[in-house]
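A.B. asks: One letter stands for each residue in the lines below.
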Amino acid sequence: MELINQHTKAIMEGCKERARSAGLRFEDETLEYIVTNRDLLELTPKLMIPTLYDYWVHDVEVLKEKGRYELYPGNPYETVINTRPAISFYNDNNPDWLNVMIFYHVLAHIDFFQNNIFFRHTWDFDLTGQALSDKRLIARLRARHGRWVDYVIEFARGIDNLVGYFEELARFDPPAVTVGSRRLDYYFDVFLQEVKKVRAAEYLREVERFNSCCVHQGALGEDNFFVEVLRKYPEFETLYEKSLERRPARKGDLLQYLMEHSDFLKREENRWMLSVLQVIRNTSVYFQPQIRTKILNEGWASYWHERLFLEDDRIRGHEVDFARVHAGVTSLPKVGLNPYALGMRLFEYIEEMADKGRYSFAYQKLGDAEARRRFDSGAGKGRETLFAVRANESDFTFISRYIDQDFVDRHKLFVAGKRLNRSRMTWQYYIKSRKAADYRQMLLGDLYHPPHIRVAADKARDGGLYLEHKFEGKPLVRDYIANTLLGIEYLWGRPVHLETSEPVAAAAAGSNTAVAGAFLSAPPERDGERPQITWRRVLYTMENRELSKVPLA
Amino acid sequence: MGEPKAGYTAHVRSLDELLERDRRREEDGFPRKIRVGRMIKPGKGDSKVVVVPTTVEEKLVHDPNFRPPEEGDESLGGTGEGEEGEVIGETPVREAGEAGEGGAGQGEGGAHEVESSAYDLGRILTEKFELPNLKEKGKKRSLTRYTYDLTDRHRGFGQLLDKKATLRRILETNLALGRIPDPQAVDPNELLISPEDRVYRILSREKDYESQALVFFLRDYSGSMAGKATELVCTQHVLIYSWLLFQYDRQVETRFILHDTEAKEVKDFYTYYNSRVAGGTRVAAAYRLVNEMVEKESLAKDYNIYVFHGTDGDDWDTDGREVLPEIEKALTYASRVGVTVAEHAYGSSGNTEVERYLKKSGLLEKKPELLRLDTMGEDAEEPRIIEGIKKLIS
Numbered sequence: 001m002e003l004i005n006q007h008t009k010a011i012m013e014g015c016k017e018r019a020r021s022a023g024l025r026f027e028d029e030t031l032e033y034i035v036t037n038r039d040l041l042e043l044t045p046k047l048m049i050p051t052l053y054d055y056w057v058h059d060v061e062v063l064k065e066k067g068r069y070e071l072y073p074g075n076p077y078e079t080v081i082n083t084r085p086a087i088s089f090y091n092d093n094n095p096d097w098l099n100v101m102i103f104y105h106v107l108a109h110i111d112f113f114q115n116n117i118f119f120r121h122t123w124d125f126d127l128t129g130q131a132l133s134d135k136r137l138i139a140r141l142r143a144r145h146g147r148w149v150d151y152v153i154e155f156a157r158g159i160d161n162l163v164g165y166f167e168e169l170a171r172f173d174p175p176a177v178t179v180g181s182r183r184l185d186y187y188f189d190v191f192l193q194e195v196k197k198v199r200a201a202e203y204l205r206e207v208e209r210f211n212s213c214c215v216h217q218g219a220l221g222e223d224n225f226f227v228e229v230l231r232k233y234p235e236f237e238t239l240y241e242k243s244l245e246r247r248p249a250r251k252g253d254l255l256q257y258l259m260e261h262s263d264f265l266k267r268e269e270n271r272w273m274l275s276v277l278q279v280i281r282n283t284s285v286y287f288q289p290q291i292r293t294k295i296l297n298e299g300w301a302s303y304w305h306e307r308l309f310l311e312d313d314r315i316r317g318h319e320v321d322f323a324r325v326h327a328g329v330t331s332l333p334k335v336g337l338n339p340y341a342l343g344m345r346l347f348e349y350i351e352e353m354a355d356k357g358r359y360s361f362a363y364q365k366l367g368d369a370e371a372r373r374r375f376d377s378g379a380g381k382g383r384e385t386l387f388a389v390r391a392n393e394s395d396f397t398f399i400s401r402y403i404d405q406d407f408v409d410r411h412k413l414f415v416a417g418k419r420l421n422r423s424r425m426t427w428q429y430y431i432k433s434r435k436a437a438d439y440r441q442m443l444l445g446d447l448y449h450p451p452h453i454r455v456a457a458d459k460a461r462d463g464g465l466y467l468e469h470k471f472e473g474k475p476l477v478r479d480y481i482a483n484t485l486l487g488i489e490y491l492w493g494r495p496v497h498l499e500t501s502e503p504v505a506a507a508a509a510g511s512n513t514a515v516a517g518a519f520l521s522a523p524p525e526r527d528g529e530r531p532q533i534t535w536r537r538v539l540y541t542m543e544n545r546e547l548s549k550v551p552l553a
Numbered sequence: 001m002g003e004p005k006a007g008y009t010a011h012v013r014s015l016d017e018l019l020e021r022d023r024r025r026e027e028d029g030f031p032r033k034i035r036v037g038r039m040i041k042p043g044k045g046d047s048k049v050v051v052v053p054t055t056v057e058e059k060l061v062h063d064p065n066f067r068p069p070e071e072g073d074e075s076l077g078g079t080g081e082g083e084e085g086e087v088i089g090e091t092p093v094r095e096a097g098e099a100g101e102g103g104a105g106q107g108e109g110g111a112h113e114v115e116s117s118a119y120d121l122g123r124i125l126t127e128k129f130e131l132p133n134l135k136e137k138g139k140k141r142s143l144t145r146y147t148y149d150l151t152d153r154h155r156g157f158g159q160l161l162d163k164k165a166t167l168r169r170i171l172e173t174n175l176a177l178g179r180i181p182d183p184q185a186v187d188p189n190e191l192l193i194s195p196e197d198r199v200y201r202i203l204s205r206e207k208d209y210e211s212q213a214l215v216f217f218l219r220d221y222s223g224s225m226a227g228k229a230t231e232l233v234c235t236q237h238v239l240i241y242s243w244l245l246f247q248y249d250r251q252v253e254t255r256f257i258l259h260d261t262e263a264k265e266v267k268d269f270y271t272y273y274n275s276r277v278a279g280g281t282r283v284a285a286a287y288r289l290v291n292e293m294v295e296k297e298s299l300a301k302d303y304n305i306y307v308f309h310g311t312d313g314d315d316w317d318t319d320g321r322e323v324l325p326e327i328e329k330a331l332t333y334a335s336r337v338g339v340t341v342a343e344h345a346y347g348s349s350g351n352t353e354v355e356r357y358l359k360k361s362g363l364l365e366k367k368p369e370l371l372r373l374d375t376m377g378e379d380a381e382e383p384r385i386i387e388g389i390k391k392l393i394s
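Residue numbers (our numbering), protein chains in the order written: chain U, 1 to 553; chain Y, 1 to 394.
With a Cα cut of at most 27 Å, we get these calculated DSS-like pairs of lysine-lysine:
1. U:LYS459 - Y:LYS59
2. U:LYS251 - U:LYS266
3. Y:LYS59 - U:LYS135
Just so you know, the hints here were simulated from the structure itself, not pulled from any lab data.
Here the structure is a predicted model, which is why all the values come from computation and not from measurement.
Sequences and hints are given; from them, build the entire structure.
C.D. replies: This is the structure we're talking about:
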């Protein structure tokens, strides 16, 4: 692993100038390293961060990656990590012209990292530096506590997908303070409804009285309104004052909850574990946006490397080489999803739509296909819209907002189904739907979405920890529950309960294979005889490293 | 010339170290976490296998394989021409399923990397999991392969001085010359050394004699085997194969046989592993095919023959009337017949047809050296599978 040479750095700096003049924004400083495929394999489990803490599971992953490489030798072109300064790695066998294309791709990623608001909490943060100090901390702890450090890492990582990423983001971008007074909010939202429990008619009368006060008395309206309130409810002022003292409790995620409330972790001899938990949590929070912006980020990078490369005068003569590599990265697969391809096309589509002013009511209300095809108000808002999308969307909103029927039709997209053809004994792939709604739904179903699991302090008994999984139509992976709860029990020091929902399959008529739960391993299904599912709440309990389960009423 | 470069991971632990760590977990009261995994590259004939450790980082996550029945078939994205409902492609169910990472697998013969990797696994199994060694049943057979060893002795020239032989010769010469008056007190300074006394060893081509093993892997792929039972049987079979490979120093041949009501030989592990879900079950067909193959190709005189059969225990031949004679016949030449029953979670334990008729036949007690049976639940974990192998081959 070494820095790129001056010749290549000069190419990069040239790319930066061109990318900036096209509107991308990123910091001046970047670091580029040349790496071998082997280096990349070793970096993969460490999320490409050379300074990430050591952990034996990463070693297992490295050995696995090497095995995979033996079977499927791959030649990744680049990877970028989101740090300050941004660091990117380039394969040692890239030719110059290819590096030009890749540099644009990378610069677009950097632009994305540094401008998309879902990365807000990473904007002022040097991850590699932090990771190095974490690594040293963990090495130091390991020297003292041996393999127990690794157990703590393991158990903390077992719940590091449940970190409160959005709460973390909210700290950087708190919701705007509501206009109007808090006293007024308290009166209407809490006092009348929860304290006095007044009837709707009275509530509406009060609203009307307030409105008329404002209309007739202007700036003094609110004060005069409350004069009347105080005459009627003398206790109001005291209650209001009290409500101000009570601050809404910070929600916090499971890791934070453990760090704050676990008696086990608070013990003097275990305090070192807290710092391990903190490291795991911070690292996880840092990477949360990455998984939520895959389509967007790759689409953005693909869009820009195409635009900028083709305009670059330095690569004359390599257009065909470029086309080949570019097509390899961004072609739409016949069946399957390529985030690069989909994202890039969606950006192109959005640009065109905005240029022609089609994100407008005038366009939306057109019913005639031909009129829609010809519609062009000359709005020219394309680039502007693109940059706004890059700054404000995540995969979820990107897909749900911008994939419409025109887009699906233009690229002949469809949802493919797979079914068994008994007479031919084949799996058939067929076009299931060409509706935009179905296509969106399919994409959204595949997006990263950790389960919503909260600490239910009110349900806990005898010092146990009670976790409640909010049911969203999908069960948890059952095989993982035991070990995860084992880890939580260790960190909590007392029994741990997990309330979740599990499917119960009722036996389909005439079939004896569909016994409870058995359909999860998908027995060959008979035509038209799908087992019906009912759901039930169950309570898992991990106590003394033993897992038990009881159904809840 | 650049500086030698260190990796980022200053020290990636070796597989052995990782396994040692895993053993320690058990002592510390936590379940083991490393599995010795196998990856296969799908492809027929040239399928390739590597042995890698794998581990799962368990988390509370939604089950990605779960689909409510009302949603129906698995859905994917796609692009291209065609009307809704139109079929755009198909893949056969029987022959090629999707092979992927984590699946068990072993290609037949061929590429060296395959063997070396499976060989490593065998070594690990032997050393780490303390599997017993098989008795050599012993036909020695000359191989067409030669090894080179420093066995040829030459006087006066050569590659490596054989000091002991040289010294002996010098003593003989000097004794003959009467230069050693007292054999109890030899003075080396007085000895004459003739050029002819120097004995050297040089490389010579040695014929290698090794015992050979031939392993039949039999797998039930009837409809009821879908899913975990298949996975389990294949995993166990690849572990057994690796272990034999180590025991027999790579001189292992394999034959793969699948059966439902009929048996057929398939050409490689890829097909063996991936063929799935056929019709009903008749175990006898598989053993009959083995017997025929052994007889026709007169395999018994050249090989240590092992037969390993994996099944979920279903058999239409409920009392074993057809299958037992075939098994008995196999026991006349085989070094070991090992039967694995992967019981379905919803059956009652110990009550499958195969298990019942094997027990009833008394063969297990009569010939414990030749016939073994192991029954486990279809969701058995790796340690249990290893345990099963011990049972089958110890």
